[in-house]
Amino acid sequence: MKNYFDPLIVAIVIVACWQVLHLTVGDGSLSSPWSTLTELVHMLGTQAFWSNATETAKALGLALVIALAGGILLGVLLGVNRVSGVVAEPILLNLYSLPKVTLYPLVLLVFGLGLSAKVAFGVMHGLIPILMFTMNAIRQMRPVYLRASLTMRLPLHRTILHVVLPAVFPEIVSGLRLGFSLTLLGVLIGEMFASQRGLGYLLTSAMNLGDIRTIMAVALFLTLFALLCNGLLLMANRRLNHR
Amino acid sequence: MKTESILRAAVVIGFIVLIELLCRLGVIPTSVLLAPSTMVTHGADLLRAGKFNHDIGISLLEIVAASIVSVLLGFVIGLVIHALPRMRRALEPLLSSYYAVPTFIFYPVFIVVLGVGPLPIIAIAVLLAVVTMITATLDGLDRIPRALHKSGLVMRLPVWRSAFFIKLPAALPYLFTGMKLAVAYSFIGVIASEFILSGSGVGYAIGYAYNNFQNDDMYSLMLLILIAVTAVNMVLNRIDHRFQSRRQR
Chain D
210 MKNYFDPLIV AIVIVACWQV LHLTVGDGSL SSPWSTLTEL VHMLGTQAFW
260 SNATETAKAL GLALVIALAG GILLGVLLGV NRVSGVVAEP ILLNLYSLPK
310 VTLYPLVLLV FGLGLSAKVA FGVMHGLIPI LMFTMNAIRQ MRPVYLRASL
360 TMRLPLHRTI LHVVLPAVFP EIVSGLRLGF SLTLLGVLIG EMFASQRGLG
410 YLLTSAMNLG DIRTIMAVAL FLTLFALLCN GLLLMANRRL NHR
Chain W
12 MKTESILRAA VVIGFIVLIE LLCRLGVIPT SVLLAPSTMV THGADLLRAG
62 KFNHDIGISL LEIVAASIVS VLLGFVIGLV IHALPRMRRA LEPLLSSYYA
112 VPTFIFYPVF IVVLGVGPLP IIAIAVLLAV VTMITATLDG LDRIPRALHK
162 SGLVMRLPVW RSAFFIKLPA ALPYLFTGMK LAVAYSFIGV IASEFILSGS
212 GVGYAIGYAY NNFQNDDMYS LMLLILIAVT AVNMVLNRID HRFQSRRQR
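As they're listed, the protein sequences go chains D and W.
With positions in the first sequence counted from 1, the corresponding number in this note's numbering is that position plus 209.
With positions in the second sequence counted from 1, the corresponding number in this note's numbering is that position plus 11.
So here's chain D without its partners, still in its complex pose (with noise of 0.2 Å):
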């Protein structure tokens, strides 16, 4: 129980913060905690809310695999092979901290509107994280594995199926946990310009009506689901560093 009883007393804080601030601008500015509540129980009713729900997940979970995929696909590919690795690093770094929205007209004029584009731009943001962790964990793996692979004379592919990937797998969860919601923004991000569905577009039609309720509620649902799965990797992860 006391586990949960200091973080809930930071939950209320910021909760009381949150009224403080919608007192203090008025209702039009920023609706209070409560009012936002109801709206989103009131907009989880809708048929309209899950169309657009379901549209952003379908962008995310495809995102997700693809990032998921190749960033391990490349990530061992660059772990395993050592000046490959040292050469990719810092252009990956350097990519990594690039404001990667101003290369959305890009994507745009390569993919088109629609579903690939969102998806080629959730990638974008979540593959070098993934890619970066599954690299440096095989990079500081305990020589000793793939020294044994050698004595079994393991062919490459199953010292990676084997060794390569179980050792380095808590690391595969990190990396994901940091994936995951840079994912979600760049779906979310290539929704607001370039779409005519999705939560990311719900936010863009709220913004530009001045429809503060909506985009408060839209914006706690996102922050509730963000948090729940990234809370949910945690706990994978920990589980996984303790084994």
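These aren't lab readings, by the way, just hints derived from the structure by calculation.
Errors might be hidden in some of the hints.
Stated by the list, open to error - Which residues of chain D face chain W? A few of them, derived with a C-beta cut under 8 Å, are:
#1 V296
#2 I300
#3 V319
#4 I369
Predicted model, so just to flag it, every value in this text is computed and none were measured.
Built from N, CA and C at the ideal position, the CB exists for glycine as well.
Assemble chain W onto chain D, guided by the hints.
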């Protein structure tokens, strides 16, 4: 190390040459991507004519402001949290899952609270950057060796002297890593918010050029950002490496 730098340069240059060739041969149509050489010459023309100097100035100002605010604020908050272990335990899950929340969605709220202009953009960038600085500060304070604390006590240094001459230098490498990330995040926050909802700045100029099919302006500005980010990163990384190697000595 030497051969790796050469290889890296070869990879980057090879990539640029490849794109240049593909564009020149018409494999990539000009409506999709301009040849890098065209981007460079057009970008130089733009800079010389000063068409976007105002926007560049505004963006730079916002980035610098956001970096300074987030570094100082993050450092102070980190100090406070470090001093209060119970609060830290409560905040830890929040800090570790902070980046899962897409901060941009609160932009409209900031516009209403802070008004239109550079302030909400700086606020978004700070919101994005401050947490890395907090975590880095906590990390740095955690890793000050106990022996250093004790030697401060042995020498009977007053609190502020041991803070300035022992603790701060010991935590500095970690603080610098946080600063480096905070600057990178400020870049991302500023440019992205300008792109999404703003009336000025480089991000806005890119969005504007995109909406008006001015591909030459758009790509030249993109290249400008790419070069600026790369240059800043390289400088910060070099300093960071120096700090890290000092730590391992």
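These are the hints, each one checked on the structure:
no.: 1; hint: V296; in the structure: holds (5 Å)
no.: 2; hint: I300; in the structure: holds (7 Å)
no.: 3; hint: V319; in the structure: holds (6 Å)
no.: 4; hint: I369; in the structure: violated (23 Å)
Violated hints amount to a single one, hint 4; each of the other numbered hints is respected by the structure.
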